[in-house]
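In case you want the letters, here they are:
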Amino acid sequence: MTFSWNLVTDLRDMWQYAFMRNAFEAGTIVAIVAGIIGYIVVLRRSAFATHALGHVGFSGAAGAVLFGVNPVYGLLLFTIGGGTGMALLGRRASTRDIEIGTVLAFMLGLGLVFLSLYTGYATEAYSILFGEILGISSAGVLLTLEAGLIVFAVLAIIYRPLLFSSLDEDVAEAKGLPMMALGLAFMILLAVTISFAVQVVGVLLIFALMVTPAATAVRLTKRPLYAAIVSVVISLFAVWVGLFISWYEPYPVSFFIVSIAFALYVLVRGGAALSAWLSPRARAVAVPDSQAGPESA
Amino acid sequence: MSSVLSSSPDVVDGSAAIVADHVEVGYRNKVVWHDASFDVQRGEFVAVIGPNGSGKTTLFRLLLGLQRPRRGSLTVLGEPPRRGNVRIGYVPQRHTIDNDTHVAASALVRLGASGSRWGPGVAFRAVADAADEALASVGATELGSKSLGSMSGGELQRVFLAEALVGNPEMLLLDEPLSNLDLRRSRELVEVVHELVRSRHVTTLLVAHDINPLIECLDKVIYIANGHVATGPPETVLTSPSLSELYGVPVEVLHDSRGNIVIVGGENPHEPEAP
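As you go down the protein sequences, you meet chains A and B in turn. Letter by letter, the first sequence follows residues 1 to 297 in our numbering. Letter by letter, the second sequence follows residues 1 to 275 in our numbering.
It should be emphasised that the hints constitute simulated quantities derived from the structure, not laboratory data. Accuracy of the hints is not assured; some may be wrong.
[Unchecked claim] Chain A regions said to be covered by chain B (calculated; three or more residues, Cβ under 8 Å):
(1) 151-164
(2) 198-211
(3) 216-223
[As the list claims (entries may be wrong)] Calculated from the model, a selection of chain B residues having no Cβ within reach of chain A, i.e. all distances over 12 Å:
(4) ASP35
(5) SER37
(6) VAL86
(7) GLY89
(8) ASP98
(9) ASP100
(10) ARG110
(11) GLY149
(12) ASP175
(13) ILE211
(14) CYS217
(15) VAL262
Ideal placement from N, C-alpha and C gives every residue a C-beta, glycine not left out.
Excised from the complex, chain B in its bound form (with noise of 0.2 Å):
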């Protein structure tokens, strides 16, 4: 059995969404992760779990060429990552949105079809109409005119989630969109993704902290613990061997009669802080 950690890219065509080769990323003096070789083929729905401070949203920042690799090669759509690549959807952790915002979400939605655009003009009809539609493919039509400030935490990712899609994006990355969300809401979300996935074939990467609402949706697991990365199907990374090999440690993946999944023993006190 190959180890998951050490697998390197299967396809290197064009037709893979993301190819890692040896990439090592941090900070200063300091090594987020380190020699991670893994991809992502196109319309893949993606799971990027992992401890706090493992470096998920750093995963995110390379994507996006916010960051740059310290070491290896990285491919985003066939080409080197980029700040403003207008074929990535992002959706970043937002804790909180102030009550005070009173903004109609249907404006954030048009700013993100619009809102790199210099220049005077006002609002475009292409702009509006691209900005309903991308509201109406979450199920948040009715959002539309309410303000920022006055929706719940289930409400706010929907928008986000047409904001990002609204350039229609081939590439997806979702930070954390389920952390604020009870269970069932974290259903209905993911419910909502899973169908973006497949009905536009939009690949998609999401940050979250419990996989269990993802589980059944999920073609893929990117796993970063203790400055390592593993990536396969669930069945494969989720298992007490792989876990144990990545985290250093004995790590045990439980099951529940409802296929729900717990991992014992992964949280390392020795685990390095985020910077």
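Okay, chain A solo, but in the shape it has when bound (with noise of 0.2 Å):
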């Protein structure tokens, strides 16, 4: 199979196999959930517990396997058990660094544990780990999509209180919104929306699907809405780019994926570096106001 620059040729290629367009269909839903959580992620200061609730996933995917059940059913079974544990804990807890990395680090030996009593393939961890979304059946896509829609239902019913009471938690309560509701939602659908974007990045990297989208997005427009839409478009397009280029080299898809977020990422810091040392404004007096850094948008 050879690239041309006639992409839709390109794309028709790929799409006879079933495997691809299973990759392809997984990863938009994938990539549409993830970058809507991903933006409360960001404004929630979150995303440590997001890394983390990859990571208690994956002892929950290894149990799974050992057990010959579909490791998915293993991750939202200990996401949620996790997520929902973070949010009882308090308005603060997701922002714990300690204690959540205490519970992470034990949570993945109790995974590495799973796997060794396991004796099939060793794959099954590496897939875990670093995603395989070529890997998926028409199946899984099915149940990716059904738990999409349900995310995405979920988010639209809850979508404003919960952005209010990640902005502005003091008022937010005083106005009478159930603070406490609403972080268990957030919790929940986050644990979920994790669950099955390890199915394309894995769970180390879920960083870069989940939480480095959004935190390009905000450097690129300061309104929620635009923001949340920017982080879908590029969540999709590190997705999509990632998949066509593995068609064509031989190296995993989760590597260009998380490349690309990355190259985005640094793309937008570096533009806004550059084009804040370059106003005059910036260069001519040192404003006080300006410890915020550039805001080139």
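Assembling the complex is the task here: the two chains are given apart, and the hints tell you how they should meet.
Below is the structure:
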């Protein structure tokens, strides 16, 4: 299969194969949901909690493999359990690095034991850790779609109160919003999204799909709705281009997806720094207000 | 002369914004303040003053329905306090906002109007207009497109004020809005708030450490110290005898040539710490 500049023909070539179609479909669903949830992760400063939930999910997935169950169910069980725990511990629990890190390390260790007890292939561990988007079955795509639709529907209902409570906790509480319930709902949505995103990039690279696109998007627009949309576009771009390249190059898809997300992040941060440096205002006076850093958008 | 500590509510009809009758508040086994009876009339600009941990924010929590009085009765805008009262606009005490908050100020102000609404819906025209109007009323139109993380303390307080104003509340509760501002910015913000009180007739309670930037605009002072609450016009409450009675130790109120007030001896070393 050779690359041609007629991208439509290229895609048509790829999509002759079911595994590529499945990969594109599942990747698209995950990218959309992860892009939106990622924006709220960035707003709530729950990036480390997201990373940790992926690791918690690892032991769930490894346990499921050991018992011969679809790893995604193990992931769902453990990430929802972990997410619920974090939400119930209180409003600021998801920013407690040390407690979360302690549980994270234990969960990785637990996953390791499960895998060593499992006498099958080491590839199982590899695919949980780094993703196996090319191995998703049609049934897997359907499951991903169902989960994606549920997350999307719940988000549509709670989006504005969730945004408000993430941005301005005290006022939202005084306005009568159920803070604990919103925090819990968010952690469960996050857990479900992570469980399916693991298929695409694996638990170790979850950050690149769940956080990096949104972190890039907030540097491009200050409007929450636009930021969520830009975040989705970046996730989609990374997944699609990653899959596309992987068709021609013999390296793991996850590597391409992660690299594209990273490259866009570096590009945007670098571009913002450059434009701030070039802008005459910033060079003329050291404005005390500008401690927030470059603001090019 | 009747004592500022034991004055009973003058007006108990529906025109009072706040009526407190022998209210006691506390956390678990600790009383924060007790036996507080006072009233605030509609359209009054009131400063809430007192040492750290004396229970100023606790008063706001009571009014917002986030906490209940242990004894006594409290009425806010003619009804018992309840959480989620849209007739009250609230600006909590915020120490900092993260520099990394890349969110436009107008988005926060809009959430002040629509953030409690569930269900899908794209930005409503009416919400955007209300947010613009609120920003304009605090002289912050040009701040709408700035990101929260890049704002100075004074700019942030204006945006928070607009966020609290956006639903056209009848009462504003402002917790330490002046705490991170220099004297000039403090006076500017007080001017903005005072203008709102006058033009909108919105009852406003403002918690402050220093009464001096406020003193010319105030109708009333609620002074909380030593577990007691004293209320009245500034010239009645901010006197040596009245504050000495409140603190239970000799306190002196000094005036400088420009009308600034200094309170000496009030910070009692045996003052219980904040819960």
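Results for each hint:
1. Interface restraint, the region 151-164 of chain A with chain B: holds (8 residues with C-beta to C-beta distance below 8 Å; minimum three).
2. A count of 0 residues in the region 198-211 of chain A with a Cβ less than 8 Å from any Cβ of chain B is obtained; the coverage claim is therefore unmet, three being the minimum.
3. Using a Cβ-Cβ cut-off of 8 Å, 4 residues of the region 216-223 of chain A lie near chain B, which meets the minimum of three, so the contact claim holds.
4. Even its closest Cβ contact with chain A, about 26 Å, leaves B/ASP35 beyond 12 Å, as expected for a residue assigned away from the interface.
5. The Cβ of B/SER37 sits about 25 Å from the closest Cβ of chain A, beyond the 12 Å cut-off, so the non-interface label holds.
6. Against the 12 Å criterion, B/VAL86 falls within the reach of chain A, whose nearest CB is about 8 Å from its own CB.
7. The claim that B/GLY89 lies off the interface is violated: its Cβ sits roughly 9 Å from the closest Cβ of chain A, which falls inside the 12 Å cut-off.
8. Distance to chain A contradicts B/ASP98 as a non-interface residue, since its nearest Cβ pair spans about 7 Å, not more than 12 Å.
9. Remark: the non-interface label on B/ASP100 conflicts with the geometry, its nearest Cβ contact in chain A lying 8 Å away (cut-off 12 Å).
10. Against chain A, the non-interface label of B/ARG110 is violated: not every CB pair exceeds 12 Å, the least being about 9 Å.
11. At roughly 4 Å from the closest C-beta of chain A, the C-beta of B/GLY149 falls inside 12 Å, breaking its exclusion from the interface.
12. The non-interface label for B/ASP175 is inconsistent with chain A: the shortest C-beta to C-beta separation is roughly 9 Å, within 12 Å.
13. The Cβ of B/ILE211 sits about 24 Å from the closest Cβ of chain A, beyond the 12 Å cut-off, so the non-interface label holds.
14. In this structure B/CYS217 is separated from chain A by more than 12 Å, as the shortest Cβ-Cβ distance comes to about 24 Å.
15. Every C-beta of chain A lies more than 12 Å from that of B/VAL262, the closest at about 30 Å, which supports listing it as non-interface.
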